[in-house]
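Colleague: Residue numbers (this note's numbering): 55 to 426.
If you are wondering where the hints come from, they were derived from the structure by calculation, not from laboratory data.
Predicted model, so just to flag it, every value in this text is computed and none were measured.
Treat the hints with care, since some could be wrong.
Label-pair ranges, simulated between beta-carbon atoms [said to hold, decoys possible]:
1. Asp178 to Pro92: 38 to 44 Å
2. Gly389 to Pro108: 41 to 47 Å
3. Tyr166 to Leu370: 23 to 29 Å
4. Gly366 to Pro92: 49 to 55 Å
Derived SDA-like pairs: lysine to any residue, alpha-carbon spacing no greater than 20 Å straight-line [stated by the list, open to error]:
5. Lys278 to Glu410
6. Lys278 to Glu376
7. Lys278 to Leu417
8. Lys278 to Arg310
9. Lys278 to Gln245
10. Lys80 to Ser296
11. Lys80 to Glu94
12. Lys278 to Gly242
13. Lys278 to Gly252
14. Lys80 to Gly57
15. Lys80 to Gln301
16. Lys80 to Asp418
17. Lys278 to Gln301
18. Lys80 to Arg317
19. Lys80 to Ala302
20. Lys80 to Gly242
21. Lys80 to Gly124
22. Lys278 to Ser296
23. Lys80 to Leu417
24. Lys80 to Ala105
25. Lys278 to Arg317
26. Lys278 to Asp306
27. Lys80 to Glu406
28. Lys80 to Arg411
29. Lys278 to Asp418
30. Lys80 to Arg310
For every residue, glycine included, the Cβ atom is placed at its ideal position computed from N, Cα and C.
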Amino acid sequence: MSGILRVGIDGRAFASPAAGVRRYIKGLTRALVALGEPLELVALGGLDPTALPPGIGHVAEPPHPPTNLGWTLVGLPRAARRAGVDVVHAPAYTAPFWSPAPVVLTIHDVSYERHPEWYPYRRDWARRAFYRRSAHVASQILTVSRFSATEITAAYGIPADRMTVTPLGVDGAFVAKDPRSRGPLPPGVRQPYLLHVGDLHERRNLAMLIRAVVAARRQMPSAKSLSLVLVGTDLSVGDAVSEIARQAGTPDAVVRLRSVNERRLRGLYQDAVALAYPSFYEGFGLPLVEAMACGTPVLASNVASMPEVLGGAGVLIDPADEAAWTRAILDLLNGGDLRGRLRDAGLRRAGEFTWERTARLTLDVYRRSVAR
């Protein structure tokens, strides 16, 4: 290896349909470039080089079977060899079974392995098998929380010395700013509202959450216009959530937004009563940190990674206890100093999550992988 470490990154991640993967790889690579270390980043493949942050090279996709599996197993190692990289970073679950350079694999969580009932998709068994094999062939594994590291060991038997926890960071766009810089709320959104950010998936427990919102509206006259704003791609549960609100006689209690830009999302965070995150399972939960960085109170489940990420800066609630969620919502709406205390604690906690830290931890793993 020369004095400059050349890292090839699976270029598909920069335009991934999974918003969390896009945010992760863009935040990480921007921070890696900003470190100013003797490091060269090259995106291997990916059909949209315009999605790459500044400072990252690109190697076009060589011919390969036109499937994700074909790209991972054939195209990615070919591109890595063509680019002459020292290490390959596969940033989202799948890795080539052969590579001309050591492979660092990021596994964000193993919900599909621990709770396959949430993923009853055709051929999902094949995906799980591919993920498992990828974990075993990678030289080193990155994951985003101590909780996920424990789960990966439980699911795959990966020893701790092959894993490194690299907590995610929060983009500067989400740091609390002058309210005048927010811009208007999206059409259909009005205050007061609770906010949920993330794909609408069964594990996100949104049916319980809308029932808690409806109950809060009924119990407090001043909350009769409270709504739940859902930002994210609907993975087959959005209609059911809307139907619960309709049958309760409160169809206006749900507002669904498929996607918004960063400026508008920041405004949604800052104007919300709270971020409500009643998920049954998360490997990290980036919206938790984004909300805290915006000065927004957080209500979250007391399971999986959420207590670790919040670090005492939010309200933790049993995801199965609808009445407790209703009480927590009412407590925030009742005024007092709770919102102020959560805001201050959240801002302090969010300051601990920087992409620079993520980048330095990741770079250390790259170097160790090459040195082995």
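Colleague: Tell me if the straight-line CA distance from Lys80 to Glu94 falls inside 20 Å.
Modeller: holds (15 Å)
Colleague: For Lys80 and Arg411, compute the direct alpha-carbon distance and say whether it is at most 20 Å.
Modeller: Distance of about 14 Å is within 20 Å: holds.
Colleague: Assess, step by step, whether the Cα of Lys278 is no farther than 20 Å from the Cα of Leu417, and give holds or violated.
Modeller: Distance ~51 Å between Lys278 and Leu417 Cα, so the pair is violated.
Colleague: Lys278 and Gln301: Cα distance at most 20 Å?
Modeller: Satisfied, since the Cα-Cα distance of roughly 16 Å is no more than 20 Å.
Colleague: Taking 20 Å as the top limit, are the C-alpha atoms of Lys80 and Ala105 close enough?
Modeller: Satisfied, since the Cα-Cα distance of roughly 9 Å is no more than 20 Å.
Colleague: Given the hint that Lys80 pairs with Gly57, does the C-alpha gap stay at or below 20 Å?
Modeller: violated (25 Å)
Colleague: Tell me if the straight-line CA distance from Lys80 to Gly124 falls inside 20 Å.
Modeller: The hint is violated at about 24 Å.
Colleague: Has the given pair, Lys80 with Leu417, been kept, meaning a C-alpha gap of at most 20 Å?
Modeller: holds (15 Å)
Colleague: Below or equal to 20 Å on CA atoms is what counts here, so check Lys278 against Ser296.
Modeller: OK: Lys278 and Ser296 at ~17 Å, within 20 Å.
Colleague: Taking 49 to 55 Å as the stated bounds, is the beta-carbon spacing between Gly366 and Pro92 within them?
Modeller: Hint violated: Cβ distance 39 Å, outside 49 to 55 Å.
Colleague: Regarding the pair Lys278 and Glu376, is the alpha-carbon distance no greater than 20 Å?
Modeller: holds (18 Å)
Colleague: Does the structure keep Lys278 and Asp306 at a Cα separation of 20 Å or less?
Modeller: Answer holds: Lys278 to Asp306 is near 10 Å, not above 20 Å.
The earlier numbered hints that this structure contradicts are 4, 5, 7, 10, 13, 14, 15, 19, 20, 21, 25, 29 and 30.
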